[in-house]
Amino acid sequence: MPARLATQLAAFQEALARVDSEAALYELQVAYLGKKGTVTQLRGEMGKLPPEERKGFGAEWNRVRNAIEAALEERRAYLKEQARRLDLARVEDLTLPPLRPPAGTLHPLSQTRRRLSESFQRLGFSLAVGPHVEHSKYNFDDLNVPKDHPARDMADTFFIRPHRHPGFDDHTDNDAAMRLRAGELVLRTHTSPVQVRTMLTQKPPIRIVALGTTFRCDDDATHSPMFHQIEGLYVDRGVTMADLKATLMDFTRDFYGRRLDVRFRPSFFPFVEPGAEFDIGCPFCGGDGCNLCKRTGYIEIGGCGMVHPAVFEACGIDPEVYTGWAFGFGVDRMTMSQHAVPHLRHMFEGDVRFLEQFP
Amino acid sequence: MKISHQWLREMFAEGALDAALAAWSAEGRAAAYTRLLTGLGLEVEAVHAVGEGVRSIVVGEIRGKSPHPKADKLTVVELFDGTGVVQVVCGASNLPPLGGKVAFAPVGAVLPGGLAIAARELRGVPSQGMICSEAELEIGADDSGILVLPEDWRAGDRLVDRVPGIVDTILELGVTPNRPDALGHIGVARDVGTKLGIPLRPPHVHRPDAPNTPGLVTIAAPDRCGRYLGYVLEGMSVQPSPLWMRVRLHRVGLRAISNVVDVTNFVLMECGQPLHAFDRDRLAEGRVVVRRAERDEPMTTLDGTQKLLTTDDLVIADASAPQALAGVMGGAQSMVHAGTHDLLLEAAWFAPAGIRATARRHGYATDSSYRFERGVDHGVGLERAALRALGLLIELAGGRCTAWTDAAGDRPQQPAIPLRLPRVAALLGVEVPAETARAVLGGLEVQVREDSPETWTCVAPTHRPDLRREVDLIEELMRFHGLDKVPARLTVPAEARAAAHSDPITELGDRLAEGLRDAGLHEHVAMAFVAESKVEFFAVPTERRVRVENPMRAAGVMRTHMLPGLLDALAHNVARHTRPVRLFEVGRTYAWPERPVPKDGPTAAIDALLPRERAVAAALIYAGAKGGASAREITGAAVQALARVGLRARPVDPPAPVAHLHPGVQAALAVDGAVVGEAGEVHPDLVRAWDLPEGTRVYYAEIDIEAMPPRATAKARDLPRFPSTARDLSLEIPLTLSAARVVAALTAAAGQVHRSAIEASQRSDGKTTAGEVRLATDSFGEPAVEVLEDYRGAGVPAGHRALLLRLHYAAEQRSVTDDEAQALHNAIVAAACDALRASAPTVRPR
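Same order as they appear, the protein sequences are chains A and B.
The C-terminal position of the first sequence is numbered 359 in full-length UniProt numbering, with every residue numbered one higher than the one before it.
The C-terminal position of the second sequence is numbered 846 in full-length UniProt numbering, with every residue numbered one higher than the one before it.
Isolated chain A (complex conformation):
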């Protein structure tokens, strides 16, 4: 029996040397020390020994079992360490092109529009919208641009052919449409009709911005027939041009992250009086003079002024009680200068090689 114990130990040690995985090690453990393992079975046969030999065999058996267990443990630790070393020896080049999920982008115009909208909402301006196809009453007449007035030449207008609902010729709903003349429906030439719509439907105080698509028949390297404008309107008691200046300065701080000077130059827009162009201190150089501001320290932004009393009257607001200001400017050129877009045409071509540049 003790001889068999010794044989088993020798066989185990021989087998252990060949074990090269934890799974094989476990198999080996089961084969010798498992319920039906060969060494375990020898322990069961101890009863067959004469009693005087049992004690010595028991001690020997324990020794062998402990030796096997220790050897197994040592081998297991060795194998773990081997595996760890192997794992650590792996090399993968993470400077290879990263595997990205396809990345989409928002159009630079959208990004500017959102930033403008967020900025003005923080300054307490609600967003107002209006139709792109507009009636000349709201696009011109109520904005103090009468028919046959040269001020209409300030914007080359796209006209929309009026529509008559077929089969509804006698319908009263169709009456106005029947009376529509060519030239009364237009693609809005500016976002200003939203001013009129807002003043017709809301009571002061009114504090809105309108941001959107506008259209003029103009098509060259610096003009697109479709472009984008933002328009601000504030109407309340006691509103002054000083408030406009302060608000525009607050806007520059919010939008550009720095407080920039605002400068007014007298100008003419039929729906404001006094009217002005406004410049802001150059956001790129802070007013020191750079190429983008042509070394003047200022960049031209847009038009503004105090709402003309004729506009208030057209909208049913008493200009003796309320005053207000309005401003407007183009979003496209601002976007282009912000992102250094070299050509206007890039903006509307949809070339993915251009669009992907604005994450």
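Do not rely on the hints blindly, as some may be mistaken.
[What the hints assert, rightly or not] Reference excerpt, derived from the structure (chain A facing chain B, CB under 7 Å, subset only):
| # | residue |
| --- | --- |
| 1 | His107 |
| 2 | Leu109 |
| 3 | Pro131 |
| 4 | Ile299 |
[Claimed, not checked] Straight-line distance between alpha carbons at most 35 Å, and here's what the computed DSBU-like set of lysine-lysine pairs gives:
| # | chain 1 | residue 1 | chain 2 | residue 2 |
| --- | --- | --- | --- | --- |
| 5 | A | Lys147 | A | Lys137 |
| 6 | A | Lys294 | B | Lys599 |
| 7 | A | Lys147 | B | Lys2 |
| 8 | A | Lys55 | A | Lys36 |
| 9 | B | Lys485 | B | Lys195 |
| 10 | B | Lys2 | B | Lys626 |
| 11 | B | Lys485 | A | Lys203 |
| 12 | B | Lys599 | A | Lys203 |
| 13 | B | Lys2 | A | Lys294 |
| 14 | B | Lys2 | B | Lys195 |
| 15 | B | Lys485 | A | Lys80 |
| 16 | A | Lys147 | A | Lys203 |
| 17 | A | Lys48 | A | Lys80 |
| 18 | A | Lys80 | A | Lys147 |
| 19 | A | Lys35 | A | Lys48 |
| 20 | A | Lys203 | A | Lys137 |
| 21 | A | Lys137 | B | Lys715 |
| 22 | B | Lys195 | A | Lys147 |
| 23 | A | Lys36 | A | Lys48 |
| 24 | A | Lys137 | A | Lys80 |
| 25 | A | Lys147 | B | Lys599 |
[Claimed, not checked] Computed Cβ-Cβ distance ranges for the label pairs, DEER-style:
| # | chain 1 | residue 1 | chain 2 | residue 2 | range |
| --- | --- | --- | --- | --- | --- |
| 26 | A | Arg164 | B | Val675 | 58 to 66 Å |
| 27 | B | His577 | A | Ala221 | 49 to 57 Å |
| 28 | A | Arg295 | B | Thr457 | 45 to 53 Å |
| 29 | A | Arg295 | B | Pro222 | 52 to 60 Å |
| 30 | B | Val380 | A | Ala221 | 53 to 61 Å |
| 31 | A | Arg295 | B | Val205 | 27 to 35 Å |
| 32 | A | Arg164 | B | Pro845 | 57 to 65 Å |
| 33 | A | Gly286 | B | Ala22 | 31 to 39 Å |
| 34 | A | Arg114 | B | Ala19 | 53 to 61 Å |
| 35 | A | Asn291 | B | Thr455 | 45 to 53 Å |
| 36 | B | Glu234 | A | Ala221 | 49 to 57 Å |
Hints were generated in silico from the structure; no laboratory data involved.
Remember, it's a predicted structure, so these values are computed and weren't measured experimentally.
Ideal Cβ positions, reconstructed from N, Cα and C, are used throughout, including at glycine.
Fit chain B to the given chain A structure using the hints.
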């Protein structure tokens, strides 16, 4: 509008302008003018210093002429320059005879164009300088020959001394439509003088000593012609104008023609008043009638084109026929020509809207119509312009005034405008002192009556038709006081303001855009108008398309769908590279509604006339030249974007096929059973129409933002405490039966089986079966039926496919046993197959 500094100088006492300008600013003339005028609202767009190169030009006298020995076209001239005789080779054919005077650039001179004159040889003959043309001196347009000077000028005299003001500074002003007065030098000078505090000195005029002869002018349309001054001049001699006149006109961008025409143009630029001179001998009865044209009355204008007039056109006729299109252009018949002796000079005021309508109708935009449609002076300025012209005509063309008249029509009234000084501060936030106001209004020739220290009554001068109400005067005060003096001061402090809100449709569009961006698409912005040929594929009837009357690039229809713009962009990309193109756009589409749509609110009457504008988000996916995109990517992008706004959308069978998508590859996008959009493969006909490579597969989805149900706040569901058990099902179905319908049938069958089980148990023992096994739900409460695979390989009959599905079963308060799950599964599958076979008899489990 080009404004000459020399001309402005003449509007003030000698030297007054230069002194005042220098005193106002030391920054130099160009910079001072720019700041001064731009600050007054007359934007200086450019400043040009002109004529510096003329300083070295002297009068030369021709002493000898001989042909060049080697060149037929060259002449060797002996020229006396006041000190000595030099030899000059000249190529001009209009050399005056001996004793004639020419403009001579001696060696060392630098011409205005930058040409430096040096001694040189021309075909072997030495030449000491150059005889110049007007064009070379940049004082005229004529480059056909040399400039011949008057014979009585003395050799050696400097040209700058002979033609004062030839060295000049030209300002290019951007004059806004409200300032017709600034379309002449007097008007600009009035602003400059008011700002600098120097009094205007209008040019001297000639008052005729002749009888008022009312028969000269008849105003038959007094509503269209407010005033008509007519002057008869006899014994005129039409010749070229003197050099100073020609230079002056050239400086402001006009071409010299003859003394008579030049004078009218000169006064146009000086006073901003268009004048017209008729050859009176060619006027029937030598008189004019201001009347509306007859219908289709013919007339030939002086540019030689024949026009048929309308009864809305105003004409200046003689006793029989139209001789001028009033305020727009003269007629050919009575135009001034070389043989003209007697003139009828017109200075008039025409109603602006009528001039504008006529000019537009006949396609004219003249210096004259430009000013009349903005409104010229009908008061003292009109008379001054006429008398100024009279004086110049007599000075330059001889003759005398023998008759005149001043005919009256309906002149605009100059309203009395109340001006409340405190209103200035109420509007602008800055006070203008009374003495400043007084000085400004005085300088502008506004009549002021000070009713009280704070309330004045003002009457604007006739040259300022834009000054109609109090705000107009306030703007004038501010222009001169300085808009830069407006402080920055909030009316209502920021913390006292009401909260701002966004626009719901804009907000939804923005969120969808973010969803589509996150799906790896790039946002595109396309033109809102497209060519008619590009909307023909879409199921919008011709009469519902919104048309542009005056399109550019033939894009005459407002887009009815977003697809054309995205396909244009795709074609642009495909022509340039082979990469995938994944684009989206959020914008509007346009169509007339099928029937009149009643509207509400104060803008309803107008809104009823407008087309419907639909807010739409659209996506396009093209895999690139390598291919490999699946149509399910487009439904994936759309469903993901909708998830971004809190909506669980699923593709379902389209309620009706969409014409612009492939008939077999399209789905509707549904949220809670309501269709919010469509997705599918772009119809192969469109792929061809956009000249994309044959076989290109493009996928497209469109979401109608306004059809989207409101977003509900997500509510959490408790997680299941007991595991569910899954059963797989392979179903053989026809190709045309959609997975959505199979899933719907299984879900419906599950509900039905479950209900009958409850009814059965209630019948037996009257208790509910809350712990009964049922089809499980997913995290969102939707029935847990997964579609695992769409198999179309071997073993499936033609026209069919095998759909592999997995159904999950669970009970509320316990685990499910295999047997009960299997029993329920079998019942559901049997019921679903029965239901599906009603329309697709070949459906069977595999």
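Taking the hints in turn, this is what the structure says about them:
1. His107: holds (4 Å)
2. Leu109: At 6 Å from the nearest chain B Cβ, leucine 109 of chain A passes the 7 Å test, so the hint holds.
3. Pro131: holds (5 Å)
4. Ile299: Where the cut-off is 7 Å and the nearest Cβ of chain B is about 15 Å from isoleucine 299 of chain A, the hint is violated.
5. A/Lys147 with A/Lys137: Given that 35 Å is the threshold and the Cα spacing comes to 9 Å, the pair holds.
6. A/Lys294 with B/Lys599: violated (50 Å)
7. A/Lys147 with B/Lys2: holds (28 Å)
8. A/Lys55 with A/Lys36: Answer holds: lysine 55 of chain A to lysine 36 of chain A is near 23 Å, not above 35 Å.
9. B/Lys485 with B/Lys195: Holds. Lysine 485 of chain B to lysine 195 of chain B sits at ~15 Å (cutoff 35 Å).
10. B/Lys2 with B/Lys626: violated (61 Å)
11. B/Lys485 with A/Lys203: OK: lysine 485 of chain B and lysine 203 of chain A at ~31 Å, within 35 Å.
12. B/Lys599 with A/Lys203: holds (20 Å)
13. B/Lys2 with A/Lys294: This hinted pair holds, its Cα atoms lying about 23 Å apart.
14. B/Lys2 with B/Lys195: Since the Cα atoms of lysine 2 of chain B and lysine 195 of chain B sit roughly 20 Å apart, the hinted pair holds (cutoff 35 Å).
15. B/Lys485 with A/Lys80: violated (82 Å)
16. A/Lys147 with A/Lys203: Holds, at about 28 Å.
17. A/Lys48 with A/Lys80: Distance of about 40 Å is beyond 35 Å: violated.
18. A/Lys80 with A/Lys147: Judged against 35 Å, a Cα distance of about 91 Å means the pair is violated.
19. A/Lys35 with A/Lys48: Holds, because 19 Å separates the two Cα atoms, which is no more than 35 Å.
20. A/Lys203 with A/Lys137: Given that 35 Å is the threshold and the Cα spacing comes to 20 Å, the pair holds.
21. A/Lys137 with B/Lys715: violated (48 Å)
22. B/Lys195 with A/Lys147: Measuring from Cα to Cα gives roughly 34 Å; hence the hint holds.
23. A/Lys36 with A/Lys48: Holds, because 18 Å separates the two Cα atoms, which is no more than 35 Å.
24. A/Lys137 with A/Lys80: violated (85 Å)
25. A/Lys147 with B/Lys599: holds (26 Å)
26. A/Arg164 with B/Val675: 58 to 66 Å: violated (30 Å)
27. B/His577 with A/Ala221: 49 to 57 Å: violated (24 Å)
28. A/Arg295 with B/Thr457: 45 to 53 Å: holds (47 Å)
29. A/Arg295 with B/Pro222: 52 to 60 Å: holds (56 Å)
30. B/Val380 with A/Ala221: 53 to 61 Å: violated (46 Å)
31. A/Arg295 with B/Val205: 27 to 35 Å: The hinted range 27 to 35 Å is violated for arginine 295 of chain A and valine 205 of chain B, with Cβ atoms some 46 Å apart.
32. A/Arg164 with B/Pro845: 57 to 65 Å: Check passed, 59 Å falls within 57 to 65 Å.
33. A/Gly286 with B/Ala22: 31 to 39 Å: For alanine 22 of chain B against glycine 286 of chain A, whose Cβ atoms are near 33 Å apart, the range 31 to 39 Å holds.
34. A/Arg114 with B/Ala19: 53 to 61 Å: Given about 55 Å between the Cβ atoms, the range holds.
35. A/Asn291 with B/Thr455: 45 to 53 Å: holds (51 Å)
36. B/Glu234 with A/Ala221: 49 to 57 Å: holds (55 Å)
In summary, the structure is inconsistent with hints 4, 6, 10, 15, 17, 18, 21, 24, 26, 27, 30, 31 from the numbered list given earlier, while agreeing with the others.
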